[in-house]
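Go by the hints and put chain C onto chain H.
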Amino acid sequence: MKSLFINKTKATPEINFNYEKNYLQIVGESYPENARIFFKDSLAWISEYLEDKNRNIVFDLKITYLNTSSSKIVTEILEFLQDYHNSNGKILLNWFYEEDDEDSKDNGEIFLEDHTFPYELIPFLDE
Amino acid sequence: MNSEIPIDCFNIFTIMDKSDVIFSYKGPVTQDILVAVGDSIKEKFRSNDVGNTIVKKIFAIFIEEAQNVLKYSFDKELQNDDQSSGIGLIGVGKKEEHYYFVFSGNVMKKSDVEKIKTKIDHINSLKDDELRKYYKESRKNGTLTEQGGAGLGFIDMARKSGRPLSYGFKELDENRAFFEVLIKIPC
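Those protein sequence lines, which keep their order, are chains H and C. Just so we're aligned: 82 in our numbering is position 82 of the first sequence, and the numbers increase by one with no gaps anywhere. Here our numbering runs 1000 ahead of the position in the second sequence, where the first position is 1.
Isolated chain H, as found in the complex (with noise of 0.2 Å):
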């Protein structure tokens, strides 16, 4: 297996999954047109990669905006690491919310809350 990078565009975010530091991080805004499509190579590699319970995963997501076909995609990568924790795989999710957005922080809350996987709710600052 091999680690995946996707460079950032303006309407898509960079991918950043590194196989040997069990390191994984999406930066950036998400408003492609169908996000099935964009992320069909990010899904398809994270699903491999957890198949490995043996891991211990740092994940951050950093992304200051979702449209509604990115937050479904979102969803479920988030379902895949619960799986992953739930049979027993080490993971950390660092959730970076914006923290002069007041809407950004409950937005990380309605996304992370009845997962069950250690997470953070981290606020940041863009630019």
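Quick caveat, the hints were computed from the structure, so don't treat them as lab data. Be aware that a few hints might be false.
[What the hints assert, rightly or not] Cβ-Cβ distance ranges computed for the label pairs, FRET-style:
id, chain 1, residue 1, chain 2, residue 2, range
1, H, E113, C, L1126, 38 to 48 Å
2, C, E1174, H, Q82, 44 to 54 Å
3, C, V1021, H, S3, 45 to 55 Å
4, H, L121, C, S1138, 15 to 25 Å
5, H, Y19, C, I1012, 50 to 60 Å
[Said to hold, decoys possible] In silico DSSO-like cross-links for lysine-lysine, where the CA-CA straight-line distance does not exceed 27 Å:
id, chain 1, residue 1, chain 2, residue 2
6, C, K1160, H, K8
7, C, K1117, H, K105
8, C, K1044, H, K8
9, H, K10, C, K1184
10, H, K53, C, K1042
11, H, K62, C, K1133
12, C, K1184, C, K1042
[To be verified] Short, incomplete list of chain C residues facing chain H, as computed with Cβ under 10 Å:
id, residue
13, K1026
14, T1030
15, K1071
In this text, all values refer to a predicted model and were calculated from it rather than measured experimentally. For each residue, glycine too, the CB sits at the ideal point set by N, CA and C.
For chain C alone, coordinates are given in the frame of chain H:
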């Protein structure tokens, strides 16, 4: 002195001006166009010292409305890459110091009118905590359509705005209706 021009620019300008429109676009809404316009919306409001929370709400609602037109408008134009983009009207404005608004309009199939009406009326009837719950359930249980639609657009717009979502339909003929929606974001 006046030479005849075949469209009424003055009338178009006056209607937009009277309606407090800051910016509006009519035509095929491609992904490239909405990215470019979305960008300038962000820049414009940021340079006017509008707070980040409001800028992000305007931007998010603009993108959702534009992608609705792109995906669901009945009038389509074929693009170079063999994909088609919906034709419609999108724009933003500001009503004095009360609220910003994001609007869109496009032709749709008349047979879809009832479905959309029911959905928006339901969203408008919900209290904040009910809307939060409805959003969460819909995001969890919904599936993406082939076009990448999550069925969450109006719910998400409602979460980010002042409700109710204003909308209207105008019947064009037995098959088509014009759908318009306007979302207010309190200043």
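Hint check:
Between E113 (chain H) and L1126 (chain C) the beta carbons are some 19 Å apart, a value that contradicts the proposed interval 38 to 48 Å. The beta-carbon spacing between E1174 (chain C) and Q82 (chain H), approximately 49 Å, falls within the hinted interval of 44 to 54 Å. Roughly 48 Å separates the CB atoms of V1021 (chain C) and S3 (chain H), a value that falls within the hinted 45 to 55 Å. Remark: the range hint 15 to 25 Å for L121 (chain H) to S1138 (chain C) is upheld by a beta-carbon distance near 22 Å.
For the pair Y19 (chain H) and I1012 (chain C), the supplied restraint of 50 to 60 Å holds, since their beta-carbon distance comes to about 56 Å. Straight-line distance between C-alpha atoms of K1160 (chain C) and K8 (chain H) comes to about 26 Å, which keeps the hinted pair within the 27 Å bound. Of the supplied pair hints, the one linking K1117 (chain C) and K105 (chain H) is violated, its CA atoms being roughly 31 Å apart against a limit of 27 Å. Between K1044 (chain C) and K8 (chain H) the CA atoms are separated by roughly 23 Å; this keeps the pair inside 27 Å, and the hint holds.
For a cut-off of 27 Å, the pair hint linking K10 (chain H) to K1184 (chain C) stands: about 26 Å separates their Cα positions. With a CA separation close to 42 Å, the supplied pair K53 (chain H) and K1042 (chain C) exceeds the 27 Å bound. Straight-line distance between C-alpha atoms of K62 (chain H) and K1133 (chain C) comes to about 24 Å, which keeps the hinted pair within the 27 Å bound. The hinted pair formed by K1184 (chain C) and K1042 (chain C) meets the criterion: a straight-line CA distance of about 17 Å does not exceed 27 Å.
Look at K1026 (chain C): its Cβ only gets to about 20 Å from chain H, farther than 10 Å, so that hint breaks. Evaluation of the T1030 (chain C) hint against chain H yields a held restraint, the C-beta minimum of about 9 Å falling below 10 Å. Hint on K1071 (chain C) holds. Least Cβ distance to chain H is approximately 8 Å, under the 10 Å limit.
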